[in-house]
Each structure stands twice: as C-alpha cells, then as structure tokens.
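Kindly generate the complete structure, drawing on both the sequences and the hints.
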Amino acid sequence: MDTSTGQSSLKLMIVDDSNIIRRRIERSQQIDRLEVVGAAANGRDAVEMFRRTKPDVVTMDLTMPEMDGIECVQQLVAINPNVLILVVSALADKATAVEAIEKGANGFLCKPFTDRQLNDALEELLRET
Amino acid sequence: MLKEAEIRTFVDGTTHYFETAGQQPASVGSPYLVTDGKPGAYEYTGVIGISGARKGIVYFTAPRGMLTVLLMRMQETDCSEETIKDLVGEVANTISGNARRDFGKSFVISVPTVVAHEPEKIAAPHQRAYVIPINWRAHSAKLVVCLE
Numbered sequence: 049m050d051t052s053t054g055q056s057s058l059k060l061m062i063v064d065d066s067n068i069i070r071r072r073i074e075r076s077q078q079i080d081r082l083e084v085v086g087a088a089a090n091g092r093d094a095v096e097m098f099r100r101t102k103p104d105v106v107t108m109d110l111t112m113p114e115m116d117g118i119e120c121v122q123q124l125v126a127i128n129p130n131v132l133i134l135v136v137s138a139l140a141d142k143a144t145a146v147e148a149i150e151k152g153a154n155g156f157l158c159k160p161f162t163d164r165q166l167n168d169a170l171e172e173l174l175r176e177t
Numbered sequence: 524m525l526k527e528a529e530i531r532t533f534v535d536g537t538t539h540y541f542e543t544a545g546q547q548p549a550s551v552g553s554p555y556l557v558t559d560g561k562p563g564a565y566e567y568t569g570v571i572g573i574s575g576a577r578k579g580i581v582y583f584t585a586p587r588g589m590l591t592v593l594l595m596r597m598q599e600t601d602c603s604e605e606t607i608k609d610l611v612g613e614v615a616n617t618i619s620g621n622a623r624r625d626f627g628k629s630f631v632i633s634v635p636t637v638v639a640h641e642p643e644k645i646a647a648p649h650q651r652a653y654v655i656p657i658n659w660r661a662h663s664a665k666l667v668v669c670l671e
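Going line by line, the protein sequences match chains A and B.
In my numbering, each residue carries its 1-based index in the first sequence increased by 48.
In my numbering, each residue carries its 1-based index in the second sequence increased by 523.
There could be a bad hint or two in this list.
[Stated by the list, open to error] Result set (EDC-like, lysine to aspartate or glutamate): computed pairs, CA atoms no more than 16 Å apart in a straight line: (1) A:59 - A:171; (2) A:151 - A:116; (3) A:59 - A:141; (4) B:608 - B:566; (5) B:628 - A:147; (6) B:578 - B:529; (7) B:628 - A:116; (8) A:59 - A:80; (9) B:608 - B:559; (10) A:142 - B:625; (11) B:628 - A:80; (12) B:526 - B:671.
Hints in this document: simulated from the structure, not taken from any laboratory.
Printed below as a string of structure tokens:
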C-alpha cells in the first residue's frame, strides 16, 4: 500500500479473458483509489502475476481458458487470505455466486453491468479495507 | 427440444444485454424454428458450446456496424478487428451465462469461439435451431439456440 501521497492507494489486478471488460474496469471511477498493477486473461497467468505483483484487490472473471475463476480464487486466497476479490461474471445462478463466496471471494457482480453498477460494487468492496 | 419458457430465458437475456451494455433497448422479434440446419449468420459470430444437463451450442451473430456502435456505447475507442471479435464472443458468453439463472449450474458454458467472415464454419450439432431476431439502432443480428 502506497501512503506517500497521504492517501492510501490499493493495488488492483484485473482478471478477465475479454480486453473490453478489462478496459472498462480500468475506466471505473473507483480507479482513482486503485493502482492497476496487472491484467491477466486466464487463471493460470493470474496466479503467477498475483505472486509477482501482490495486489490488494482483484476483479475475477469465472469462465476463462486454462484455469477457471473459481479455482483461481481458491489459489489466490491460499496465497494471501487478506486479498479482496470481486467476481465479475455472466454466470448468473445463485449456486455459482455462493460457491465463489465460499471459496473466498468478497463480492459478485453479474455481467452485463452498467458503469454505475461496477462503481458501486467496487466501492462496496473497498469499504472492507 | 426447447420449451417455450426456455426460449423466453434467451429472449430476456438478449433484451437485458442491450438495455444494460448498449444503454438502449433492442427490439427482439418472435423466435422461429429452423429445421434445415441453416439458421444463417452475419460477419461475426460468437459461439458458446453447451454441456452438462443440456448439450449443443448458442451463438450470437452480428454485422460489424452493430458491433462498432455497441463498442462506442460502452465508451470503447478501439474498434479494431480484434476488439470486434472480443465483443461478439463476450455478448454470446454473457447471454449464455445469464441463462444459468433459470437453467442452473448444470447448464455448463464453454469459453467463446469466434468465427469471422466464414459463417459456413459454424457447426450446429443438429438440424433444429431456434432463431431469435434482434433489431438495435437500425442494425439486425440474431441469437441462435441449438440444444438437444
């Protein structure tokens, strides 16, 4: 966490196999409070990047090649139990949301989303810090 | 064979996608059944494989014009071929994933495969497919649901 400016800046990693979604998250209003340290397109790359960049906050897609998001959440939480994870996924069934939370995610935002919904979801997540 | 309520799930998912991501409602026409295995496709198609309790494919197919406008509505400035393909896959993924709200977790969706400029390469698992016509901002597209 960087406190050199007097305002804490949390490190964010974005995990999604869509470039469009990654860029939308980067444009969120909440991004002022976050420093994007990396973006990964699949779970395997995300785990490697997570070890290297040590983010405080992660947005996580679920349906991805190589390693899916649920497995990835589990691995990230095993590395750092204090990481905050917002799942951003099209999988709209309740069982999947419950599973993601049980594996260690802190919030769930369903695709498609408006800028306002993304902003609110990130704001709620950051309230936990 | 799809039941009427199941088709409604995809119609509602399509409507919701354009209202939310495109910030403007789409006019979704009455679904119709195609039995000759040729539901047709536009320039760009995002194909989702379905496995688990249901088997088959769901695809969203659209012309470049519609996808470009949709990108702009999402504040996306990059309208390259790569981004257009990314979008068509993401639309198919989102509508299919949202269907799990009604179908449950056993409706397993694959990551999208994108077919561009070669509609003949879309392989449906059988002859019967439901086509949901979509009209949005003077552009036409369709969602095709081909499930056993």
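Looking back at the hints listed earlier, which ones does the structure fail to meet?
Hint check: 3, 9, 11 fail, others pass.
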